[in-house]
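J.: Chains as they are written, first to last, in the numbering used here: chain B, 1171 to 1334; chain W, 1171 to 1334; chain Y, 1171 to 1334; chain D, 1171 to 1334.
Read the hints as simulated data drawn from the structure, not as lab findings.
The list treats identical chains as interchangeable, and a pair is accepted whether it falls inside one copy or across any two copies.
Computed list of lysine-lysine pairs in DSBU-like fashion (alpha-carbon distance at most 35 Å, straight line):
(1) 1244 <-> 1172
(2) 1214 <-> 1303
(3) 1210 <-> 1303
(4) 1210 <-> 1289
(5) 1295 <-> 1172
(6) 1172 <-> 1289
(7) 1172 <-> 1303
Values in this document were obtained by computation on a predicted structure and should not be read as measured data.
4 protein chains.
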Amino acid sequence: MKTLSIELAIERLESRGVTVDDITDLVFDLQTPYVENLTKATCKYNVVRVLSKREVQNALLTGIELDQLAEEGKLQQPLQDIVASDEGLYGIDEIIALAIVNVYGSIGLTNFGYVDKIKPGIIAKLNDHADGKCHTFLDDIVGAIAAAASSRLAHSEEGAEVPD
Amino acid sequence: MKTLSIELAIERLESRGVTVDDITDLVFDLQTPYVENLTKATCKYNVVRVLSKREVQNALLTGIELDQLAEEGKLQQPLQDIVASDEGLYGIDEIIALAIVNVYGSIGLTNFGYVDKIKPGIIAKLNDHADGKCHTFLDDIVGAIAAAASSRLAHSEEGAEVPD
Amino acid sequence: MKTLSIELAIERLESRGVTVDDITDLVFDLQTPYVENLTKATCKYNVVRVLSKREVQNALLTGIELDQLAEEGKLQQPLQDIVASDEGLYGIDEIIALAIVNVYGSIGLTNFGYVDKIKPGIIAKLNDHADGKCHTFLDDIVGAIAAAASSRLAHSEEGAEVPD
Amino acid sequence: MKTLSIELAIERLESRGVTVDDITDLVFDLQTPYVENLTKATCKYNVVRVLSKREVQNALLTGIELDQLAEEGKLQQPLQDIVASDEGLYGIDEIIALAIVNVYGSIGLTNFGYVDKIKPGIIAKLNDHADGKCHTFLDDIVGAIAAAASSRLAHSEEGAEVPD
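Taking the hints into account, I'd like the entire structure generated from these sequences.
T.: Here it is, written out as structure tokens:
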């Protein structure tokens, strides 16, 4: 039987069209202005560490489940329409993402909000609705993973603690 | 078609075995030590005001949906087993409840945690698993509504602001 | 003696160089793309309603107090240097701002992070450090008030609830 | 000059009458019902790991600073009276504590609220106000450290991840 693991988390992300490299690119763009000689490898390492957290895996699985159920029309009304249309006043996607952001401290809040608004790279792709997919939760979750990885990276650079 | 409303929120709660009076009783027990001459009517008024908030209705519908899907075995593994068994390290139910608690400020956090741990009244009933039901999300949501209504009541008593 | 009130909150903001109109401008810029025929008067009304909340007033007074104490060199080390320099890994300013953002639901998180990163209008002025002032907490608080007012406005426009 | 470190965090706690052993006792009492053969040494290890986090150290230093300033009458009114009297509607202490609780995921919320309400061991001592001290922030911070250490312990026991 399937158990909670980082492999499963990555598999689910990929099944929804998001790779670890996509999230790595977000982190690289967010942190390049602040970290000298930043490499993609360092960014990827931090994304992987975020994905190894059980809290993150639980948030990810729950959000993707709701997206998929909405896609298949299997939620009750009015939740079905609210999630399927990514209704602007529905904030449960942001709240689930917050569970991810908080794992590396409150400095991640800023990057999360920024990514959620600017919609760079993979986030824009998740939002284009062109392929009949529903990514109401996933776009926030991906932004939150990138924000948390950026926080982890910032803490590591400082070197004053072992963040994980 | 069904739309988001307080009537729908109350209907969904009742379909899962929870009445407004059940939550009113929790608030009455929580606040009686602090508020002189507290009546059930005042408590009920505050519960109703909490239930009129869109953020609360969205949290409630989402949590109950996940409970019902788990009950019917319709979630993917391993999320199905995690939610159905109310697995101790799964914290997404607490996070969704936090969206409710926060609506009347951070003083609700204490009451939420207390109710979640002590499991008074209806919360204990939701937790006994005797009837084959899954209330992994609902018990936290009910506790959160009671905590938020207690906060609202405390703010109103003080009279220094109109909280809503 | 001074008591907690919206007048006091506005007085404190002004004593630190921030007017209600400054925050109104932030809300107007944030919400103009989404709300047809939006007026400054509507934005201002929502800012005032946010400022009338006790949770918001408490966050504002606490944050400004820490800024002023840091300015006067009255905090113990190393907190003095951390706050005075707006140290990047210090996240308590974001956490206090979160108490404000949450008052109108989690949809405010996105706007808060965005404003905190982009630093439009008054936020940039608070961040220029040109005048020997410390605004480590205030810039986040002002962004949070603008984000909360934007959420309140979005909820009011929808008309599905009376948000306050 | 003093820099942020776990030694400094422990020194500050002790200067306010709280030892690592006091917090260890809280964790032991909270987790004994759930963890077989739990030892104080294991509890202490988890408390120390929580205290090694920068986010925790920042929250702790900020909260203790505000407590001490209130004790010395150095805050502006009305914040001075609000903090000195541990005013019931002031929720910034709970918000700062939340920054600590969240570091090991949302399952800590329940224990935090419970401890904050029941006031076991050292928390009761901090609350008795017998010695003219102000511990408005510290009691919540100590409860939050105990709750976070309990979460960390629960995650470690499960063994499904290396939480730090």
